[in-house]
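Q: Construct the entire structure; sequences and hints are all you get.
Taken in sequence, the protein lines are chains A and B.
Each residue of the first sequence is one higher than the last, beginning at 104 in the working numbering.
Each residue of the second sequence is one higher than the last, beginning at 2 in the working numbering.
Calculated from the structure, these hints are not laboratory results.
Be careful, since some hints might not be right.
Claimed, not checked - Pairwise CB distance ranges, derived in the manner of DEER restraints: (1) B:SER381 with A:ASN166: 38 to 46 Å; (2) B:LEU230 with A:TYR403: 39 to 47 Å; (3) A:LEU323 with B:GLN249: 18 to 26 Å; (4) B:ASP118 with A:ASP518: 30 to 38 Å; (5) B:GLY229 with A:TYR361: 34 to 42 Å; (6) A:ASP312 with B:LEU228: 15 to 23 Å.
Glycine included, every Cβ here is placed at the ideal spot set by N, Cα and C.
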Amino acid sequence: MKNIITIILSTLFSLSVCAQQEGDILIKNGTVITITDGVKEQTDVLIRNGKIEEIGENLSASNVKTIDAEGMFVMPGIIDAHSHIALDVVNEATNPVTAEVFVGDGLDPYDVSIYRALAGGVTISHAMHGSANAIGGQCETIKHRYGEVDPEAIRMDGAPRTIKFALGENPMRVHGEGNGIAPATRMGMEQIFRNAFEEGKAYMKAQKDYAAGKADFPPLYNTRSEVMADILKGDIIIHCHSYRADEIYMLLKVLEDYGVKRICFQHVNEGFKVAPELAAYGAHASVFSDWWAYKFEVYYSTAYNAAILAENGVVTSINSDSGELIRHLYHEAAKTQRYGGLSDNEALKLITLNPAIQLGIEDRVGSIEKGKEGDIAIFKNHPLSIYAIPQITIVDGIVRFDINEDNYDMRLDIDPDEKIPTFYETETHSHHGEGDRCMQDVYEFLNHKH
Amino acid sequence: MNNRLIRLLVVCMMPIVSFGQVDYDEIIKATDKVFLKDVIIHDKPGSVIEYGSILVENGMIVQVGKKLTEPDDALILTADSLHVYPAFIDALSHSSIKKKEDGERPKVKFPGSPPDDVAGITPGKSAFDFIDAESSDLISMRELGFGIVHVAPRGRMLPGQTAIISTSGKSKNEILIKENVANYAQLKTSPGVFPATMIGVLTKFRELYKQAEGANQHMVRYSSSPLGLQRPTYSDAITAMIPVTKKQQKVFFKAESAKDVHRVLALKNELGFDLVLTDVKQVYPVVDKVKSSNVPVMISLDLPDKPEDEKKDEEKDEEENLTTEEMKALKERKAKAYQDYVGQVAMLEKAGVNFGFSWIKAKPKKMQEQMQTLIENGLSENAAIKGLTTVPAQLLGISDIAGTAEKGKLANLIISTAPIFEKDSKIKFMLVDGEVFEYEIKKKKKKTEDGEAIDIAGTYTYEISQFGASGSLIVSKEEDDYKVVLTDADDGSELEAKNITRDGNSMSFDLKVEEDGFSMDVSVNLDFSEDDFEGSVNTDFGAAPIEGSKVDPN
Chain A
104 MKNIITIILS TLFSLSVCAQ QEGDILIKNG TVITITDGVK EQTDVLIRNG KIEEIGENLS
164 ASNVKTIDAE GMFVMPGIID AHSHIALDVV NEATNPVTAE VFVGDGLDPY DVSIYRALAG
224 GVTISHAMHG SANAIGGQCE TIKHRYGEVD PEAIRMDGAP RTIKFALGEN PMRVHGEGNG
284 IAPATRMGME QIFRNAFEEG KAYMKAQKDY AAGKADFPPL YNTRSEVMAD ILKGDIIIHC
344 HSYRADEIYM LLKVLEDYGV KRICFQHVNE GFKVAPELAA YGAHASVFSD WWAYKFEVYY
404 STAYNAAILA ENGVVTSINS DSGELIRHLY HEAAKTQRYG GLSDNEALKL ITLNPAIQLG
464 IEDRVGSIEK GKEGDIAIFK NHPLSIYAIP QITIVDGIVR FDINEDNYDM RLDIDPDEKI
524 PTFYETETHS HHGEGDRCMQ DVYEFLNHKH
Chain B
2 MNNRLIRLLV VCMMPIVSFG QVDYDEIIKA TDKVFLKDVI IHDKPGSVIE YGSILVENGM
62 IVQVGKKLTE PDDALILTAD SLHVYPAFID ALSHSSIKKK EDGERPKVKF PGSPPDDVAG
122 ITPGKSAFDF IDAESSDLIS MRELGFGIVH VAPRGRMLPG QTAIISTSGK SKNEILIKEN
182 VANYAQLKTS PGVFPATMIG VLTKFRELYK QAEGANQHMV RYSSSPLGLQ RPTYSDAITA
242 MIPVTKKQQK VFFKAESAKD VHRVLALKNE LGFDLVLTDV KQVYPVVDKV KSSNVPVMIS
302 LDLPDKPEDE KKDEEKDEEE NLTTEEMKAL KERKAKAYQD YVGQVAMLEK AGVNFGFSWI
362 KAKPKKMQEQ MQTLIENGLS ENAAIKGLTT VPAQLLGISD IAGTAEKGKL ANLIISTAPI
422 FEKDSKIKFM LVDGEVFEYE IKKKKKKTED GEAIDIAGTY TYEISQFGAS GSLIVSKEED
482 DYKVVLTDAD DGSELEAKNI TRDGNSMSFD LKVEEDGFSM DVSVNLDFSE DDFEGSVNTD
542 FGAAPIEGSK VDPN
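A: In structure tokens, the structure reads:
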């Protein structure tokens, strides 16, 4: 009898975890920027059970929270394809290949950066491993369900698996300079990738041999090889930190050799030099609007990068890689109109549908369409206007940010013993004085070497 | 107004050195029989025998009840109207486990694949090998009411196998009750090598677990029919995890924060091992989840300070006209957070979670006081006692010999002057394995009268609980000048005081704390009485109380 109760309780429990907090909302009379079906004036959007049920005029629904969006702009929730918020750990910097680790094991639902991102209209971010290693850890696509305190509750269930790769100076500095091991050069980088893929191939073969009765035992379980094998099978999308065109082209060749198709280059500052090659391979690009010159390999850059890539047919997005930039991605997207003359819809695609495609979630989010998830950002003034101000941000039909309820202290976890740290202390503690979240945790690692 | 920086600095400079605080610990022994007469026996949770007697023989309880015949060859303890409880059982600590010597960490050519012991992966090591039977820890634990402690080796991710030991006995073999009881695990990283992060630790744990499952299959097949099969050769770490995968051994997994509880529970749900959440400090946000997981929770009594202690700050702020609405809101939130912490154990009781107490991080020195706080905030005394007796006994598989004061069990008893968690209740006797330990009931500390100069030279322990720092403080006098040295340390580093002045029985001095290029001036004021001092540590960021007591020169 006791067992039955336990089973019932645990079933109830797993249900409550699966129920991802979905709500009903009716947004009335907004200017709806659908991304995939033009802009609709004086239009309503009805969300039920977290999904967009209807888009049209004069919609009504009983017992549903209604938002008056008269004079406001209603757009799909912004998606950031490169971020490190809501993570307790960013870099396991001990090895040039750490495909085995998973930042999803270290999610921090309490991180107030989630709330700040919501205040910039961002509903989904790609929480990534850092760029210390040639092959870093697996990443997690998260929904900004701020207010939930269970790490499980901020995962975007069903989103494809992704993994971080990195080219160039960061892995060379950490492993080559830091430890005197490969990769010390860009040549070495290529070999690291090839070795890792070979490892995955050998492991898959050993598994196949066992399945076919050719071996007595399966290979000893190895997480890294499992993950490399999954990349080879096409189950994991690569997101690769990159700057220089020669290296970007090198990785395309390596992936071609191993038959790996799904790749999104991150930062990709010299992407404009190899845009046709990227397009031909079907590779994607996620860039900064105008951020460069923070290390040697990042000097040859242009604010026209996004526009050039997009015009060449590369699926392109604009990302933040920062808890600050994430608050105004709409503004970053607007810069492509000044530098490259993209249309409103092309510019907004860079922060909605395109990042969704890069994360493999475009059938669920990234535009306002019937059946898609109810992730919405409501703006006063057009989101590409310099006067744009996010008003309300909705995730799965639940208001997670409302500018009128933006209280003093929006943190979720208060340590009764803690005094409020100064900005300086917070920054020096978490970043060791460096603004580069991509390299978080690395300095501690390197300091231990001396 | 932040003390994180200082805490960091102070903790780095003065890691913890523990000193046994033994004031009185005399063993009376003439016969193997002990008779407790006319005592109030709380023989098991929820049950009381008023004015009963207990007969102890050969380290066991042989009779409990009313109107027992008083044997003429027993030691009769004068315990009239005192309260008798089964001695406490520590669900997990490092009591008596030797500290690792601080050597240089071995150089590793490839930090991504270090040897297991450098990585902190030693699940096969036995706590028994690290026990110091003469450790003052055991004496302190006994003095606080513990008869049995469950100890884990020190280390990182998988430090090793735990052992159950008695707090009475002269040699390792004498105190050992059970070896290789459970595996101890933490989300603790290994600096400079893999796993250097918490996500690395979780990955490694999973991998090791799955490797152990594979190794077990291989070994089972090989042992039944080795012909034509590859000989199994697996690392110590993999082999040591096999009993965990077969649920023959529990994992006591340390998870301090609610986030860590989520993470460890997710790991358990994925792999399916027998989990005991250990040393949990923040449990209130996860009570429902813990409840439905059916996993026992061992609470760490590292309670936050009561927010009222900040009153002085508030007055100061008002004076400086800095009290804003925002700060008031923050104070309210902190007060609420404090309530969450002190009320969370009562929440566990209400939810019906199986909980006890572990002492990996928190020291049980203030247990009495902390239990009173928990009881004031809704915990029942009965549940508190269960958490210290029957719950750990059952988890450790020693219910047959410990946990209650019933016939046939080990004679591990607390004899206190009042119900154990009542204010001013003191332990008068401890019986452990039938051995009697008597304690002097200290009278309330009397203030040294003005002008009566005392000799303050000597060795003291000190504790700055707000910074989590403690260690030793030595005051010596050379001619007319005092010298004060604070030692504390994972590395035993010393800080020598400057500008020492003495005024009556007060002393003040300055310290310069340096770490990683930061340096901070700290001024300390101490008021000494006969055997103790109390005072404050003042920094640019705020003040913290410091207290200490003289170490018995013997």
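Q: Let me make sure I understand: some of the numbered hints might not hold for this structure. Which ones are they, in numerical order?
A: 2
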